[in-house]
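> Residue-level listing of the chains:
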Amino acid sequence: MIINRNKLYALLFTACIAGYIWLFFNMNDNTTDSNLVVGCLIKKTTNMPCPSCGTTRSVIHLINGNLNSAFMINPFGFLIAAILLISPVWIAYDVATKKETLLSCYKKTEYYIRQPKYGIPLLLIVIFNWIWNIAKGL
Amino acid sequence: MDLQKVDMFIMSNSKFFESHHLNVIREQLIALDDSKWVMVSTVQLKDPTTMLIISILAGSFGIDRFMVGDTGLGVGKLLTCGGFGIWAIIDWFLIQGVTREKNMQKMQLLIG
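Those protein sequences? They're chains A and B, same order as listed.
When the letters of the first sequence are read in order and numbered with my numbering, they come out as residues 1 to 138.
When the letters of the second sequence are read in order and numbered with my numbering, they come out as residues 1001 to 1112.
Keep in mind that the hints were calculated from the coordinates and are not lab data.
Even for Gly, the Cβ is constructed at its ideal location relative to N, Cα and C.
Any given hint might turn out to be false.
Just a sample of chain A residues kept apart from chain B, beta carbon distances all over 10 Å, derived [stated by the list, open to error]: (1) N6; (2) Y9; (3) N28; (4) I86; (5) Y106; (6) K136.
Here are the in silico distance ranges between beta carbons for each label pair [unchecked claim]: (7) A:W90 <-> B:V1043: 34 to 40 Å; (8) A:R5 <-> B:M1039: 28 to 34 Å; (9) B:E1018 <-> A:M72: 30 to 36 Å; (10) A:Y20 <-> B:R1026: 46 to 52 Å; (11) A:Y111 <-> B:L1045: 19 to 25 Å; (12) A:W132 <-> B:L1045: 34 to 40 Å; (13) A:K44 <-> B:M1039: 54 to 60 Å; (14) A:T46 <-> B:K1015: 50 to 56 Å; (15) A:L122 <-> B:R1026: 37 to 43 Å; (16) B:I1086 <-> A:A92: 37 to 43 Å.
Reference listing, derived: stretches of chain B covered by chain A, where coverage requires no fewer than 3 residues with Cβ under 8 Å from a Cβ of chain A [to be verified]: (17) 1058-1070; (18) 1077-1091.
Based on the sequences and whatever the hints tell you, model everything.
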């Protein structure tokens, strides 16, 4: 897929909406490890948590103000919460002013992640988080 | 370029591209200088079938997207457990087409 401005913004916006809907249902349910059909394929098939299992619970803890327990469940929750909060505003700003600051930021991030000196530490963080998740038994 | 070489290239590499790309590539190759043949014949392309296997096995981690070069989307897939599992399933059907498009892009950088 060749990513362009409108495609990226539509994708990100849809993802944000889906994220908010997902959060809304999980907040009302209170059974955060839901038995819905959708969810982590890895966990459903192997019963082993993946690197990002527990982010929903983490974000819900963040909303309730429990920073510490949010971090203990899954630190990725902070990242997801930041993306969920910032990206709709950023998209709205870009669409309103007809700029493409988000697209250039996205491309710059992609460029940096592709370089081994940034990519490998990030990969190690993900793997470490995965091991931690398995150890915690999320 | 030599017509025989071009047709050989097309025949042995047709699975890497969408069918509507092949004609374009063929015409470009015929117009290309003969000295570029070594470069063209040794270009490394991604196999759509391999990508499909990777997508089925490790799609939830976004590995397939990382491998075809959509790093940003790969990160998105990794952080959301493959888009709540839905995106991972959708990608089983999309990834082969994406791989072929990426191969075409690479080819265009080389000969376009």
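> Give a verdict on every hint.
Results of checking the hints against the structure:
Residue placement check: A:N6 keeps its beta carbon more than 10 Å from all beta carbons of chain B (closest about 15 Å). Every beta carbon of chain B lies more than 10 Å from that of A:Y9, the smallest distance being close to 13 Å; the non-interface claim holds. With a closest Cβ-Cβ approach of about 17 Å to chain B, A:N28 is found to remain outside the 10 Å limit, as its non-interface label requires. Residue-level check passed: A:I86 sits 14 Å from the nearest beta carbon of chain B, beyond 10 Å.
A Cβ of chain B approaches the Cβ of A:Y106 within 10 Å, the least distance being about 5 Å, so the stated non-interface status is violated. With a least beta-carbon separation of about 16 Å from chain B, A:K136 lies farther than 10 Å from that chain, consistent with its non-interface assignment. As the Cβ distance of A:W90 to B:V1043 is approximately 38 Å, the hint placing it in 34 to 40 Å holds. Here the CB-CB span from A:R5 to B:M1039 is close to 33 Å, well matched to the stated 28 to 34 Å.
A C-beta distance of roughly 48 Å is found between B:E1018 and A:M72, which places it outside the suggested range of 30 to 36 Å. At roughly 48 Å, the beta-carbon separation of A:Y20 and B:R1026 lies within the given 46 to 52 Å, and the hint holds. Checked against the hint of 19 to 25 Å, the pair A:Y111 and B:L1045 passes, with Cβ atoms roughly 23 Å apart. Separation of A:W132 from B:L1045 is about 38 Å and conforms to the stated range, judged on CB atoms against 34 to 40 Å.
In this structure, A:K44 and B:M1039 break the distance hint of 54 to 60 Å, their C-beta atoms being roughly 46 Å apart. A:T46 and B:K1015 have their C-beta atoms about 31 Å apart, which leaves the hinted 50 to 56 Å range violated. Take A:L122 and B:R1026: their Cβ atoms lie about 41 Å apart, and the range 37 to 43 Å holds. Under the hint 37 to 43 Å, the C-beta atoms of B:I1086 and A:A92, about 25 Å apart, miss the expected range.
Counting residues of the region 1058-1070 of chain B whose beta carbon lies closer than 8 Å to any beta carbon of chain A gives 4, which reaches the threshold of three, so the coverage claim holds. For the region 1077-1091 of chain B, the assignment as covered by chain A holds, since 11 residues bring a beta-carbon within under 8 Å of that chain's beta-carbons and 3 suffice.
Of the numbered hints listed earlier, those contradicted by the structure are 5, 9, 13, 14, 16.
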